[in-house]
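Novice: Sequence:
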Amino acid sequence: VVAAEPLASLFTDRTEVILAAIPLVQIAAVFQLSDGAQAVAAGALRGAGDTRAAFVANVFGHYLLGLPVALVLAFAFDQGAPGLWWGLSAGLTGTAAALIARFVWLTARPIARAQRP
Numbered sequence: 001v002v003a004a005e006p007l008a009s010l011f012t013d014r015t016e017v018i019l020a021a022i023p024l025v026q027i028a029a030v031f032q033l034s035d036g037a038q039a040v041a042a043g044a045l046r047g048a049g050d051t052r053a054a055f056v057a058n059v060f061g062h063y064l065l066g067l068p069v070a071l072v073l074a075f076a077f078d079q080g081a082p083g084l085w086w087g088l089s090a091g092l093t094g095t096a097a098a099l100i101a102r103f104v105w106l107t108a109r110p111i112a113r114a115q116r117p
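With my numbering applied, the sequence shown corresponds to residues 1 to 117, in that order.
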């Protein structure tokens, strides 16, 4: 987030490209949080034997949440490329939330059963 301009400058010396890349690099930095969370949660669910939840969460998160948000932000609100990236970030955030909720639900059940007298 802090070094967006120097990072973009590594790849080009064209000012207009650097200026266009700065907000995208900043969004990508935020995007990494949701991406990391969903990757860890998906891996945990796979390890627990629940591969279907990761598939369903990804389909719904990316295609029913992320894609519509990206298209609305990019074109209806005229945000362009940043709108597409914010939409992708929204999809990843929704996917991460669903996967984490599923993991918590799956792992809480055996614990609750074990605590019964």
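Each hint should be verified, as a subset may be incorrect.
[Said to hold, decoys possible] If you anchor each label on the Cβ, the simulated ranges turn out as follows:
hint, residue 1, residue 2, range
1, Leu67, Glu16, 34 to 40 Å
2, Val56, Arg109, 27 to 33 Å
3, Phe55, Ser9, 22 to 28 Å
4, Leu19, Val40, 32 to 38 Å
5, Glu16, Ala108, 50 to 56 Å
6, Arg109, Gly80, 26 to 32 Å
7, Phe60, Pro82, 42 to 48 Å
8, Asp78, Leu106, 39 to 45 Å
9, Ala108, Gln32, 37 to 43 Å
10, Arg109, Ala39, 22 to 28 Å
11, Leu67, Thr107, 27 to 33 Å
12, Leu106, Tyr63, 36 to 42 Å
No wet-lab data here; the hints were simulated from the structure.
All C-beta atoms, glycine included, are put in the ideal place defined by N, C-alpha and C.
Novice: Look at each hint and say if it fits the structure.
Specialist: Each hint, compared with the structure:
no., hint, in the structure
1, Leu67 with Glu16: 34 to 40 Å, "violated (28 Å)"
2, Val56 with Arg109: 27 to 33 Å, "violated (19 Å)"
3, Phe55 with Ser9: 22 to 28 Å, "violated (40 Å)"
4, Leu19 with Val40: 32 to 38 Å, "holds (34 Å)"
5, Glu16 with Ala108: 50 to 56 Å, "holds (52 Å)"
6, Arg109 with Gly80: 26 to 32 Å, "violated (45 Å)"
7, Phe60 with Pro82: 42 to 48 Å, "violated (24 Å)"
8, Asp78 with Leu106: 39 to 45 Å, "holds (42 Å)"
9, Ala108 with Gln32: 37 to 43 Å, "violated (28 Å)"
10, Arg109 with Ala39: 22 to 28 Å, "holds (24 Å)"
11, Leu67 with Thr107: 27 to 33 Å, "holds (30 Å)"
12, Leu106 with Tyr63: 36 to 42 Å, "violated (24 Å)"
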